[in-house]
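Student: What the sequence shown shows, in full-length UniProt numbering, is residues 1 to 314, in sequence order.
Hint data in this document are derived by calculation from the structure and do not stem from the laboratory. Do not rely on the hints blindly, as some may be mistaken.
Think about it this way: if two alpha-carbon atoms lie no more than 30 angstroms apart in a straight line, the pair counts; the simulated DSBU-like pairs of lysine-lysine are [to be verified]:
| id | residue 1 | residue 2 |
| --- | --- | --- |
| 1 | Lys35 | Lys83 |
| 2 | Lys180 | Lys83 |
| 3 | Lys37 | Lys244 |
| 4 | Lys180 | Lys244 |
| 5 | Lys180 | Lys205 |
| 6 | Lys244 | Lys205 |
| 7 | Lys37 | Lys83 |
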Amino acid sequence: MPITLSQADYANWLDESTATATEGDMMAYPATLRKGKQRYVALREGIDLCIEDLWLNDDLEIQHCDRAHPLEFTFEQVQGGGKSSQRYDFFGSGLAPAEVWRVPGQRRIVSVNVHIESFIFQQWIGDSSEDRQVLELLRPADQRYFECSGTPTAAMQMAVQAILHCPFQGLTQRLYLESKVWELMALLIEDLLTVSRECSLPALKPDDVERIHYASNLLRRQLTHPPSLIDLARAVGINDHKLKVGFRQVFGTTVFGYLHEHRMERSRQLLESGDLSVTEAAQAVGFASRGHFAAAFRRKYGVNPGVYARQRRA
1 MPITLSQADY
11 ANWLDESTAT
21 ATEGDMMAYP
31 ATLRKGKQRY
41 VALREGIDLC
51 IEDLWLNDDL
61 EIQHCDRAHP
71 LEFTFEQVQG
81 GGKSSQRYDF
91 FGSGLAPAEV
101 WRVPGQRRIV
111 SVNVHIESFI
121 FQQWIGDSSE
131 DRQVLELLRP
141 ADQRYFECSG
151 TPTAAMQMAV
161 QAILHCPFQG
171 LTQRLYLESK
181 VWELMALLIE
191 DLLTVSRECS
201 LPALKPDDVE
211 RIHYASNLLR
221 RQLTHPPSLI
231 DLARAVGIND
241 HKLKVGFRQV
251 FGTTVFGYLH
261 EHRMERSRQL
271 LESGDLSVTE
281 AAQAVGFASR
291 GHFAAAFRRK
301 YGVNPGVYAR
311 QRRA
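Please take these sequences and the hints and turn them into a complete structure.
Tutor: Next comes the structure, spelled out in structure tokens:
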């Protein structure tokens, strides 16, 4: 049976768990619902950052009523059942409708959550914007807010990791964290505009779709020494621009993103089999540096490859 809380109950529970904490410090959750820590940072008026690393004991349902909503984005890495996934959720300002949030238990969730008041964002874009999609992020209080979700790009993942492992303190820390918040906002908007532009593109011809699938097969076969974008385009018989645009239309990611995902998945399989060391697994999927491989594996799966290999063998 899931634990069900009203919006007010959940807010009160959070208030109780953080009542004695100082702003910017790590705050331990009570073990009633979940184990873990939360760090809240008010970067400046209208911009709030929350970092969480938690383990949810049981399935949780939170019942929300209609409510005014600022701009918000969340990046999550979820680990459970031997699997790991990443996603982002992006919300504009406006009316958040009544809904029930359902969060499965028995999972570790590491998240970066940001709230930005609409007047702050309005200062950035000015009185007008050439992109209708950007204006859609600012809706009246009585109009349902804009929302979308997706898989973080490599650049987004790097910015999130920079927030999670910020090396500074005090004013320098706030300046650094706010710069990363705006970097993530820029990357989210660019992703939104890219998808919008590609949705307006004419449908790919069946022959082009076949060539793009052939290109994906070539990448999977050559993880160790992949071809350049131009060489890959030549190999499948289309130009590099059509390959780039078509690849995102067909697979929802870039050529590099597709290659990276398959490299990481193959390395995970190799480590799970126990046949190769971390260095050998890194080399088998095209990483010349064990350190770079370890960092990429940690971003993807939330654990060092050596630790993962030992856990699989246990």
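Student: Does each hint fit the structure? Answer for all of them.
Tutor: Hint by hint, here is what the structure shows:
Of the supplied pair hints, the one linking Lys35 and Lys83 holds, its CA atoms being roughly 20 angstroms apart against a limit of 30 angstroms. As the CA atoms of Lys180 and Lys83 are separated by approximately 28 angstroms, the hinted pair is consistent with the 30 angstroms bound. A C-alpha spacing of about 41 angstroms is found between Lys37 and Lys244, which places the hinted pair above 30 angstroms, so the restraint is violated. Taken as a hint, the Lys180 and Lys244 pair is honoured in the structure, with Cα atoms around 27 angstroms apart against an allowance of 30 angstroms.
Among the hinted pairs, Lys180 with Lys205 is inconsistent with the structure: their alpha-carbon atoms are about 40 angstroms apart, more than 30 angstroms. Pair hint Lys244 plus Lys205 holds up; C-alpha atoms about 15 angstroms apart against a cutoff of 30 angstroms. Of the supplied pair hints, the one linking Lys37 and Lys83 holds, its CA atoms being roughly 22 angstroms apart against a limit of 30 angstroms.
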